[in-house]
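Chemist: These are the residues of each chain, in order.
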Amino acid sequence: MQKKIIKLFILLLIVFVIGVFFISLNKHSIYDTRSLIGQKITDIRLDHFSKNKTITGEDLSKNNFTLINFWASWCKPCRDEHSILLKLNREKNLKLLGVNVKDKKNNALKFLNDLGNPYDELARDELGKHSVNFGIYGVPESILINKDLIIIKKFIGPISKNDYEYIKNTVRK
Amino acid sequence: MRTKIIIFFIILNFNIVDAKTFLIDSNKVFKNLRCLICQGQSIADSNSEFAQTIKLIVRDQIKDGKSEKEIYDFLIEKYGEWIVYKPPLNKVNFLLWLLPYLAFVTGGGIIFLLLKKRYNH
Amino acid sequence: MLSNIGNTLLFLNILLGIFIIYFSFKNLQNKKISISKNIYHICLFQSTFIIICFLTLVAAFIISDFSIITVYQNSHSLKPFFYKISGTWGNHEGSLLLWVIILTIFSFLFLLYNKSHSRNYRIYSLIIQNTLILGFLFFLLFNSNPFSAISPTPKEGLGLNPILQDPALAIHPPLLYIGFVGSSIYFSAAIASLLTNYSGRLFAHSIKNWVLISWSFQTLGILAGSIWAYYELGWGGFWFWDPVENASLLPWFAMTALLHSLIVLEKRNFLYFWVIILCLLTFILSVTGTFLVRSGILNSVHTFANDPSRGLYILVFLSLMIFGSVLLFFNKFKNSNYNLNSNSKETFILINNWFMIFYLITVLLGTVYPIFTEVLTDHKVSVGPPFYNTVIIPIVILFLFFMSVGPQTQWIKNKFYNLNLLFKILIASIFINFSIIYLFKSYSLISNFIIISAVFLIIASLIDLYKLFKIQKMDSSRVISHLSFGFLILFIGLNYNFSLEKDFNLKLGERKKFDNYSLEFKDLRLEDFKNYKAVIGEFKINNSQRNLNQSLYPEIRIYENPSTITYEASIRSGLLKDYYITMSNIDRSDYYNIKFQKKPFMMWIWISVIFISLGGFLRLFQNAKKDY
Numbered sequence: 001m002q003k004k005i006i007k008l009f010i011l012l013l014i015v016f017v018i019g020v021f022f023i024s025l026n027k028h029s030i031y032d033t034r035s036l037i038g039q040k041i042t043d044i045r046l047d048h049f050s051k052n053k054t055i056t057g058e059d060l061s062k063n064n065f066t067l068i069n070f071w072a073s074w075c076k077p078c079r080d081e082h083s084i085l086l087k088l089n090r091e092k093n094l095k096l097l098g099v100n101v102k103d104k105k106n107n108a109l110k111f112l113n114d115l116g117n118p119y120d121e122l123a124r125d126e127l128g129k130h131s132v133n134f135g136i137y138g139v140p141e142s143i144l145i146n147k148d149l150i151i152i153k154k155f156i157g158p159i160s161k162n163d164y165e166y167i168k169n170t171v172r173k
Numbered sequence: 001m002r003t004k005i006i007i008f009f010i011i012l013n014f015n016i017v018d019a020k021t022f023l024i025d026s027n028k029v030f031k032n033l034r035c036l037i038c039q040g041q042s043i044a045d046s047n048s049e050f051a052q053t054i055k056l057i058v059r060d061q062i063k064d065g066k067s068e069k070e071i072y073d074f075l076i077e078k079y080g081e082w083i084v085y086k087p088p089l090n091k092v093n094f095l096l097w098l099l100p101y102l103a104f105v106t107g108g109g110i111i112f113l114l115l116k117k118r119y120n121h
Numbered sequence: 001m002l003s004n005i006g007n008t009l010l011f012l013n014i015l016l017g018i019f020i021i022y023f024s025f026k027n028l029q030n031k032k033i034s035i036s037k038n039i040y041h042i043c044l045f046q047s048t049f050i051i052i053c054f055l056t057l058v059a060a061f062i063i064s065d066f067s068i069i070t071v072y073q074n075s076h077s078l079k080p081f082f083y084k085i086s087g088t089w090g091n092h093e094g095s096l097l098l099w100v101i102i103l104t105i106f107s108f109l110f111l112l113y114n115k116s117h118s119r120n121y122r123i124y125s126l127i128i129q130n131t132l133i134l135g136f137l138f139f140l141l142f143n144s145n146p147f148s149a150i151s152p153t154p155k156e157g158l159g160l161n162p163i164l165q166d167p168a169l170a171i172h173p174p175l176l177y178i179g180f181v182g183s184s185i186y187f188s189a190a191i192a193s194l195l196t197n198y199s200g201r202l203f204a205h206s207i208k209n210w211v212l213i214s215w216s217f218q219t220l221g222i223l224a225g226s227i228w229a230y231y232e233l234g235w236g237g238f239w240f241w242d243p244v245e246n247a248s249l250l251p252w253f254a255m256t257a258l259l260h261s262l263i264v265l266e267k268r269n270f271l272y273f274w275v276i277i278l279c280l281l282t283f284i285l286s287v288t289g290t291f292l293v294r295s296g297i298l299n300s301v302h303t304f305a306n307d308p309s310r311g312l313y314i315l316v317f318l319s320l321m322i323f324g325s326v327l328l329f330f331n332k333f334k335n336s337n338y339n340l341n342s343n344s345k346e347t348f349i350l351i352n353n354w355f356m357i358f359y360l361i362t363v364l365l366g367t368v369y370p371i372f373t374e375v376l377t378d379h380k381v382s383v384g385p386p387f388y389n390t391v392i393i394p395i396v397i398l399f400l401f402f403m404s405v406g407p408q409t410q411w412i413k414n415k416f417y418n419l420n421l422l423f424k425i426l427i428a429s430i431f432i433n434f435s436i437i438y439l440f441k442s443y444s445l446i447s448n449f450i451i452i453s454a455v456f457l458i459i460a461s462l463i464d465l466y467k468l469f470k471i472q473k474m475d476s477s478r479v480i481s482h483l484s485f486g487f488l489i490l491f492i493g494l495n496y497n498f499s500l501e502k503d504f505n506l507k508l509g510e511r512k513k514f515d516n517y518s519l520e521f522k523d524l525r526l527e528d529f530k531n532y533k534a535v536i537g538e539f540k541i542n543n544s545q546r547n548l549n550q551s552l553y554p555e556i557r558i559y560e561n562p563s564t565i566t567y568e569a570s571i572r573s574g575l576l577k578d579y580y581i582t583m584s585n586i587d588r589s590d591y592y593n594i595k596f597q598k599k600p601f602m603m604w605i606w607i608s609v610i611f612i613s614l615g616g617f618l619r620l621f622q623n624a625k626k627d628y
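Chains as they are written, first to last, in our numbering: chain A, 1 to 173; chain B, 1 to 121; chain C, 1 to 628.
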């Protein structure tokens with residue numbers, strides 16, 4: 001009897017392992033930080049792009065929704081998403097906070113002059129250190145947060161048309 | 001006499017260890033962090049934009065006197081557990097830490113039982 | 001043209017495999033003692049055809065026949081001749097063909113060299129082995145065909161990944177495959193042994209040389225991979241606990257356990273079922289490793305282009321193998337009586353197995369755990385070097401002590417000889433450790449114990465060696481392997497402890513000072529080579545205390561076919577230590593990221609591993625001499 005249980009246990013274990021392997025074969029396994037959705041962003045401190053002041057969490061909790069967009073003039077996909085950001089600028093409930101990452105000030109200004117400035121506020125992160133507080137690992141990346149500074153969605157890579165629709169619907173609700 | 005000699009040498013060895021000043025080695029921390037945008041590389045091995053930034057952050061935090069654990073916890077909070085190569089002991093990972101030792105104890109137990117059986121004969 | 005030849009040969013091999021199985025069953029029904037000549041002949045044909053088939057693929061690579069997809073994707077007409085050849089097995093399809101060759105040749109040789117054993121046992125081994133061969137041939141022909149044609153024929157190939165163009169990596173797959181694909185033969189033999197009740201000493205005798213062959217080659221294969229990682233990946237280490245490396249280590253643990261318990265089976269005629277488990281486990285782990293690596297479900301530096309259908313095929317094959325063998329085993333398993341003395345050699349060999357299984361479970365768990373968390377909880381975790389170091393290293397210390405004591409015991413008897421001597425050795429090793437640490441002035445608790453235990457093993461083995469020398473008994477293979485293992489752990493311990501690593505950014509002309517060293521970035525130039533361009537830096541290392549003055553030239557290489565950037569480490573290898581510099585550019589700045597490392601005793605780590613496997617080859621040679 002005892003032997004039978006052991007044998008059964010071993011067989012079930014094998015079935016279980018093979019089953020897991022089988023499922024994982026069809027599972028996408030590219031890592032991103034989307035699992036952080038629902039968390040509150042703490043310790044927000046960003047240097048303003050031109051003025052001598054610090055943007056903090058308090059400033060952001062005044063907005064109903066904030067889209068924090070991390071970008072740089074040297075990043076090509078940032079150009080692709082720029083037109084969508086300009087469109088998003090028209091949303092009433094949404095403020096856009098741009099964070100210029102690891103960039104030269106002049107290049108960034110030229111970029112905004114050429115393509116238009118979609119941002120309600122602009123911050124600067126010269127060494128990329130502050131972006132780490134937001135769990136950023138590349139540019140472009142964007143985070144949609146609400147009044148309570150809770151992450152609603154993360155957009156890794158340029159914002160697409162679908163993402164645009166999503167943001168629009170969320171903000172208008 | 002024998003035990004005394006052994007104890008003497010062991011104490012000698014421990015003393016040397018104590019003499020070491022505990023400064024966190026940034027390279028060691030880099031090696032324990034995964035470069036999220038690379039193929040199976042650690043922060044120490046990678047030279048990507050991301051790795052550069054994390055190196056800056058880690059060095060800053062070491063300078064601020066943070067402990068190794070505080071640094072890992074900070075990065076886990078920001079990037080998830082995927083970033084550390086040593087999974088923290090929690091609900092999901094306890095089997096990973098437990099099973100090897102369980103196997104070790106079980107194996108030892110089996111050998112012990114085999115020997116005991118012999119004595120009983 | 002070559003594509004057709006190759007396909008025909010593969011097809012012929014499938015037919016031959018089926019013939020062999022058919023004739024084998026027919027042979028089982030008659031009452032003759034010997035195996036019919038027909039079977040020998042077909043097996044000879046089978047081996048010959050598969051070798052010709054492989055040579056066809058090699059030829060296609062040499063003449064750059066881009067009408068074959070595999071050649072097109074992995075070769076280039078400008079590639080050096082040597083790498084054209086090694087490109088044959090540097091890809092998924094070609095390396096699978098190498099699998100089949102080893103399966104086939106081992107099948108033939110096993111048949112040929114075991115004439116003294118029972119007929120049915122040999123025939124069943126042949127049947128099982130040919131079933132495996134057929135399984136892989138079908139996989140090769142219908143899923144991963146190395147001879148698939150492409151039309152129209154491309155003018156030029158895509159080229160072999162430059163980091164794979166390395167001599168160590170060229171010999172790495174063949175060595176490794178002889179190791180873990182070779183283990184298939186004792187998988188088949190174990191099944192045959194269960195089926196025909198051909199157990200005990202004779203079974204041990206029939207497979208022991210095959211275990212030795214696969215173990216020795218596996219050891220060398222792992223070494224070649226490790227050397228490649230050190231020179232080519234530019235991380236300055238020799239083991240990264242990368243999932244793919246682990247996949248090659250898992251069968252090694254099982255083989256090592258088997259190698260030892262097989263001695264007990266041969267000398268004392270027990271542990272039969274345990275030996276069977278290990279035989280089955282070794283090859284199952286080999287196939288599992290292949291599954292993990294080829295299906296691409298693991299995140300690793302070594303990427304084979306992944307394709308879920310491959311994974312699925314191997315997984316189905318693997319499950320059939322596992323269920324077949326486990327059910328058969330359950331059916332045949334009988335409780336047998338053990339007769340064990342606590343201080344006898346048998347016990348210590350069991351202790352060896354206990355540790356090997358512990359290492360195996362730890363590494364296996366660490367490798368597949370992320371897959372489980374992801375599937376079951378949607379939670380991604382990384383299991384890397386710090387996990388393995390924390391779990392394994394403390395246990396290695398204990399292991400080394402047992403390993404030193406074990407060989408001092410005798411069969412059956414419950415008696416140590418020379419407990420006194422062991423105690424003296426222990427004192428000596430503690431003293432040596434103390435002096436090493438005093439001289440080098442760098443230490444940590446765990447490395448103290450590692451060094452003590454390694455020195456303990458070394459001294460114990462040296463005394464053994466001396467004794468063997470005195471009584472002119474030439475059973476020195478065990479001592480050589482154990483001694484080298486002691487040295488391996490010692491050098492790893494020293495290397496780990498006394499490495500110096502610095503990571504900083506420098507501009508051309510700048511100088512960086514640390515410890516007693518100063519490093520100067522002297523020059524940076526661009527050079528054109530045959531198939532790549534290189535940015536070469538010149539760095540001057542000075543050590544004020546040791547009068548050291550050397551230049552190192554790390555490179556950033558830009559390859560065009562396929563377009564890749566690689567970072568070439570510049571390594572100054574020496575008897576006592578290596579200096580190691582890698583350089584990489586930082587985007588949008590004049591600075592370069594420099595990694596400087598001083599790695600003591602690297603060369604001795606490699607040499608120790610070579611000697612470990614030499615022990616295996618020596619034993620093989622001694623066995624051969626005894627038998628004929």
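Incorrect hints may have been included.
To be verified - List of simulated lysine to aspartate or glutamate pairs, EDC-like, C-alpha gap at most 20 Å:
1) C:Lys380 - B:Glu81
2) A:Lys129 - C:Asp587
3) A:Lys27 - C:Asp587
4) B:Lys31 - C:Asp307
5) A:Lys62 - A:Asp148
6) C:Lys522 - C:Glu568
7) C:Lys502 - B:Asp73
8) B:Lys63 - C:Asp503
9) A:Lys173 - A:Asp47
10) A:Lys92 - A:Asp59
11) A:Lys129 - B:Asp60
Said to hold, decoys possible - Every beta carbon over 12 Å from chain B, so not counted as near; a handful from chain C, in silico:
12) Asn4
13) Thr8
14) Asn30
15) Ser34
16) Lys115
17) Phe240
18) Phe330
19) Leu360
20) Val363
21) Glu374
22) Leu376
23) Tyr388
24) Ile395
25) Leu398
26) Gln410
27) Ile586
These aren't lab readings, by the way, just hints derived from the structure by calculation.
Quick reminder that beta carbons are idealized off the backbone N, C-alpha and C, glycines included.
Chemist: Now look at each hint and say whether the structure bears it out.
Modeler: These are the hints, each one checked on the structure:
1. C:Lys380 - B:Glu81: Judged against 20 Å, a Cα distance of about 7 Å means the pair holds.
2. A:Lys129 - C:Asp587: Holds, at roughly 17 Å.
3. A:Lys27 - C:Asp587: violated, 34 Å
4. B:Lys31 - C:Asp307: violated, 31 Å
5. A:Lys62 - A:Asp148: Between Lys62 of chain A and Asp148 of chain A the Cα gap is close to 9 Å, so the pair holds against 20 Å.
6. C:Lys522 - C:Glu568: This hinted pair holds, its Cα atoms lying about 18 Å apart.
7. C:Lys502 - B:Asp73: violated, 25 Å
8. B:Lys63 - C:Asp503: Roughly 16 Å between the alpha carbons, so the hint for Lys63 of chain B and Asp503 of chain C holds.
9. A:Lys173 - A:Asp47: violated, 31 Å
10. A:Lys92 - A:Asp59: holds, 17 Å
11. A:Lys129 - B:Asp60: holds, 10 Å
12. Asn4: holds, 37 Å
13. Thr8: The claim holds: Thr8 of chain C sits with its nearest Cβ about 39 Å from chain B, beyond 12 Å.
14. Asn30: holds, 44 Å
15. Ser34: holds, 41 Å
16. Lys115: Since the minimum Cβ distance to chain B is about 36 Å, Lys115 of chain C lies beyond 12 Å and the statement holds.
17. Phe240: Not fine: 8 Å to the nearest Cβ puts Phe240 of chain C too close to chain B.
18. Phe330: Phe330 of chain C clear of chain B: closest Cβ-Cβ about 19 Å, beyond 12 Å.
19. Leu360: violated, 9 Å
20. Val363: Incorrect as stated: the minimum Cβ-Cβ distance to chain B is 9 Å, not above 12 Å.
21. Glu374: violated, 10 Å
22. Leu376: violated, 9 Å
23. Tyr388: violated, 9 Å
24. Ile395: violated, 7 Å
25. Leu398: Leu398 of chain C is in fact no farther than 12 Å from some Cβ atom of chain B, at 10 Å.
26. Gln410: Answer for Gln410 of chain C: holds, closest chain B Cβ roughly 16 Å.
27. Ile586: violated, 7 Å
Hints 3, 4, 7, 9, 17, 19, 20, 21, 22, 23, 24, 25, 27 from the list above are not met by this structure, while the remaining hints are.
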